[in-house]
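Keeping their order, the protein sequence lines are chains A and B.
Counting from 1, one number per residue, gives the positions in the first sequence under my numbering.
Counting from 1001, one number per residue, gives the positions in the second sequence under my numbering.
Calculated from the structure, these hints are not laboratory results.
Glycine included, C-beta positions come from ideal geometry on N, C-alpha and C.
Just to be clear, a hint being listed does not mean it is correct.
Per label pair, the in silico range of CB-to-CB distance [unchecked claim]: (1) B:Ala1027 <-> A:Ala102: 48 to 58 Å; (2) B:Ser1161 <-> A:Gly156: 19 to 29 Å; (3) B:Lys1071 <-> A:Glu186: 25 to 35 Å; (4) B:Asn1162 <-> A:Gly78: 38 to 48 Å; (5) B:Asn1018 <-> A:Arg133: 15 to 25 Å; (6) B:Ala1027 <-> A:Arg23: 14 to 24 Å; (7) B:Gly1019 <-> A:Glu186: 48 to 58 Å; (8) A:Val27 <-> B:Val1070: 16 to 26 Å; (9) A:Ala19 <-> B:Asn1018: 47 to 57 Å; (10) A:Gly78 <-> B:Arg1017: 26 to 36 Å; (11) B:Ala1062 <-> A:Val27: 18 to 28 Å; (12) A:Asp74 <-> B:Gly1003: 48 to 58 Å; (13) B:Gly1019 <-> A:Asp74: 28 to 38 Å; (14) A:Ala19 <-> B:Pro1057: 21 to 31 Å.
Far from chain B, some chain A residues (derived; all Cβ distances over 12 Å) [stated by the list, open to error]: (15) Gly15; (16) Pro16; (17) Gly105; (18) Thr150; (19) Arg174; (20) Glu189.
Stretch-level coverage of chain A by chain B, calculated; a stretch enters the list once three of its residues show a Cβ under 8 Å from a Cβ in chain B [stated by the list, open to error]: (21) 36-50; (22) 54-63; (23) 134-142; (24) 151-165.
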Amino acid sequence: MTESAAVRIAPQGEGPDDAQLVRLARVGDERAIQTLVQRHQDTAFDAAYRVVRDEDVAADVAQDAFLKALQGLDGFRGDASFRTWLIRIVINTARSNLRTRARRGERSLEMARDPASGEDPARLALVRAEAERVGDYLDALPEKQRLAVTLRVFEGLSYREIAAACGSTEGAMRVNYHMGIKRLREWLE
Amino acid sequence: MNGRTCGEFRDRLVEFRNGSLPALEAAETQAHTERCAECAAELALLGALARDRRSAPRGFAAGVLAAYRVKPAAGSARALRDSAPRRVKPAGRTRFGRRALPMAVAAAGILLAGVVLARGIGPAAEPGDLGLTPAEASVAILPWPGHDGVLAGAPALDVLSNDEIEALLEELDS
């Protein structure tokens, strides 16, 4: 039996690990590629959504990011996890998308960067008035805090992994996480 | 008593929630959250947040695979580098002057500014420090807005030392 024959589609945490799948995907094993995509699709989509805050755009961004990752597997040596590397590509693709849309005038760069910012009382009041769930407040956090909170809470990443995914330092992401949580608690009180 | 602070307990609430803490630490955290209203509130917030995770739309994986079949399948680092967004100039000055920071943020910012001024600028993290190979680190991250959500005017958080970060976190916790 070949190695690829042993690969089966499995949810995250079951079946072959990512390193094994990446090895197989590099040589074109479609089943391994399929497993990688299925395993990490929610992670990629949510990370994209946290930057662009539009589900349709997030789906496009996540797809682009997957294609970049799959086509660039030769550049991935596996010192970081595949998931961290993928998230890094997703975040970069999403932020690039925001900039492109801002240049086209589809949205202002100000909004693209930091829509509610959590620092403008008038905009925060608007968020409070319209918020129906905690996720609405989450969307109102500044971008880096939003990513720190979601990557930690949703994906269970360590601060070190979050830093690697965001291109920042571990300490900076730790502060951003705690600032985000503190703000959310204040807003929800 | 193990002498851990609330900050230390809060740093592990995510692992406590997802069941990845060792049994003894999980039991300590459980006991702490039962007697500490602040940490219990934060744990409840994490539970509420976790329910807001977005899932990829139906058919997403199939769409990716279909697109992958259409695009050249010969993967290479060059393909990734060529398709990755180009690094752009760092953002200029931020919009600090136009924004009023909430009191808590202002307090943290003042502390941070004091730390930076008093101790000078520390070394910036290198990609290698983050567990990435040079090829992995070559997936460029666009510059972040210059204020890190804490202190306007400079990307100050990335240049702080561990001690400075600890001092800032202590201030945030108080």
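Structure-based check of each hint:
| no. | hint | in the structure |
| --- | --- | --- |
| 1 | B:Ala1027 <-> A:Ala102: 48 to 58 Å | 50 Å, holds |
| 2 | B:Ser1161 <-> A:Gly156: 19 to 29 Å | 27 Å, holds |
| 3 | B:Lys1071 <-> A:Glu186: 25 to 35 Å | 46 Å, violated |
| 4 | B:Asn1162 <-> A:Gly78: 38 to 48 Å | 27 Å, violated |
| 5 | B:Asn1018 <-> A:Arg133: 15 to 25 Å | 21 Å, holds |
| 6 | B:Ala1027 <-> A:Arg23: 14 to 24 Å | 40 Å, violated |
| 7 | B:Gly1019 <-> A:Glu186: 48 to 58 Å | 29 Å, violated |
| 8 | A:Val27 <-> B:Val1070: 16 to 26 Å | 20 Å, holds |
| 9 | A:Ala19 <-> B:Asn1018: 47 to 57 Å | 22 Å, violated |
| 10 | A:Gly78 <-> B:Arg1017: 26 to 36 Å | 28 Å, holds |
| 11 | B:Ala1062 <-> A:Val27: 18 to 28 Å | 22 Å, holds |
| 12 | A:Asp74 <-> B:Gly1003: 48 to 58 Å | 49 Å, holds |
| 13 | B:Gly1019 <-> A:Asp74: 28 to 38 Å | 36 Å, holds |
| 14 | A:Ala19 <-> B:Pro1057: 21 to 31 Å | 28 Å, holds |
| 15 | Gly15 | 15 Å, holds |
| 16 | Pro16 | 17 Å, holds |
| 17 | Gly105 | 18 Å, holds |
| 18 | Thr150 | 8 Å, violated |
| 19 | Arg174 | 6 Å, violated |
| 20 | Glu189 | 9 Å, violated |
| 21 | 36-50 | holds (count 8) |
| 22 | 54-63 | holds (count 5) |
| 23 | 134-142 | holds (count 5) |
| 24 | 151-165 | holds (count 8) |
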